[in-house]
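2 protein chains.
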Amino acid sequence: MLVVATGVFEILHPGHIQYLEAAKRLGDSLTVIVARDITAVARKRRPVISEDQRLHMVSSLKPVDEAILGDLKDFFSTIVKIRPDILAIGPDQDFDDDEVQRKLDELGLPTKVKRIVDYWDSGLHSSKIIVDLIKKQ
Amino acid sequence: MLVVATGVFEILHPGHIQYLEAAKRLGDSLTVIVARDITAVARKRRPVISEDQRLHMVSSLKPVDEAILGDLKDFFSTIVKIRPDILAIGPDQDFDDDEVQRKLDELGLPTKVKRIVDYWDSGLHSSKIIVDLIKKQ
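Taken in sequence, the protein lines are chains A and B.
Position one of the first sequence corresponds to residue 339 (the working numbering), numbered consecutively onward.
Position one of the second sequence corresponds to residue 339 (the working numbering), numbered consecutively onward.
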């Protein structure tokens with residue numbers, strides 16, 4: 339069972355680790371698609387850490403079997419290439435699960451969307467951590 | 339050859355990974371001493387991320403064979419217990435290498451201090467990254 343997880347992973351915090359550990363537990367092998375700089379810009383803002391460094395950082399995590407950079411234009415083209423059994427979406431990731439599932443079905447993929455909820459209660463996500471760090475400056 | 343590295347590791351950035359990879363290359367096994375919350379307070383400020391979560395995060399890195407929490411009072415008491423061959427100090431860590439070496443010698447330890455300089459040119463360290471993130475808010 340191949341699982342795919344995805345994200346920008348600008349800085350790593352415990353919520354990221356928990357997300358990737360939970361994703362790994364859904365199958366045998368975990369591939370992480372790290373968002374390109376240009377994709378991150380389109381979705382949020384330009385990362386401080388370059389895509390190559392973010393890729394290296396995610397690759398260095400024990401639950402991660404493989405990390406790759408995403409496609410420059412179309413997220414789903416990478417999914418079509420990999421054909422994972424499961425696409426694990428993080429607790430605070432801004433995707434419509436049903437819409438993603440419909441798109442995967444339309445593409446004739448066997449991939450099932452699973453929303454990871456394991457760490458949601460801890461309230462740990464990048465924006466909160468960054469805000470807390472700012473307050474302490 | 340047992341290597342020890344140390345730090346607060348509040349958030350992980352590529353500089354941390356490079357430090358720990360470089361430390362691991364100095365020997366066969368890498369143990370990381372993660373600073374207790376109370377030690378971080380004394381040296382810098384109270385971490386946003388608790389010591390247990392920071393420990394878990396550092397443990398999840400591929401170059402790390404073992405991660406442990408530091409002593410509540412005395413950094414060197416942990417070193418005495420572990421008796422590493424090498425104590426790898428990060429590029430931006432505020433230690434006087436000669437002073438640390440003298441202290442290790444006085445304690446009768448075989449440990450040699452090595453300053454990691456591999457990533458210094460990239461200018462990657464927590465404070466700079468946090469400042470850059472703040473500017474982008």
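Think of the hints as simulated: they come from the structure by calculation, not from any bench.
Please note: incorrect hints may appear among the correct ones.
Same chains, same label: a pair holds when it works inside one copy or across any pair of copies.
[Stated by the list, open to error] Here are the simulated DSS-like cross-link-like pairs (lysine-lysine), alpha carbons at most 30 Å apart as the crow flies:
hint : residue 1 : residue 2
1    : 411       : 362
2    : 452       : 411
3    : 400       : 452
4    : 400       : 450
5    : 362       : 400
6    : 441       : 419
7    : 452       : 441
8    : 452       : 362
9    : 400       : 419
These are the hints, each one checked on the structure:
no., hint, result
1, 411 with 362, "within (26 Å within a copy, 37 Å between copies)"
2, 452 with 411, "within (23 Å within a copy, 45 Å between copies)"
3, 400 with 452, "both (21 Å within a copy, 26 Å between copies)"
4, 400 with 450, "both (24 Å within a copy, 29 Å between copies)"
5, 362 with 400, "both (10 Å within a copy, 15 Å between copies)"
6, 441 with 419, "within (15 Å within a copy, 56 Å between copies)"
7, 452 with 441, "within (14 Å within a copy, 53 Å between copies)"
8, 452 with 362, "within (12 Å within a copy, 36 Å between copies)"
9, 400 with 419, "both (24 Å within a copy, 27 Å between copies)"
The structure shown violates none of the earlier numbered hints.
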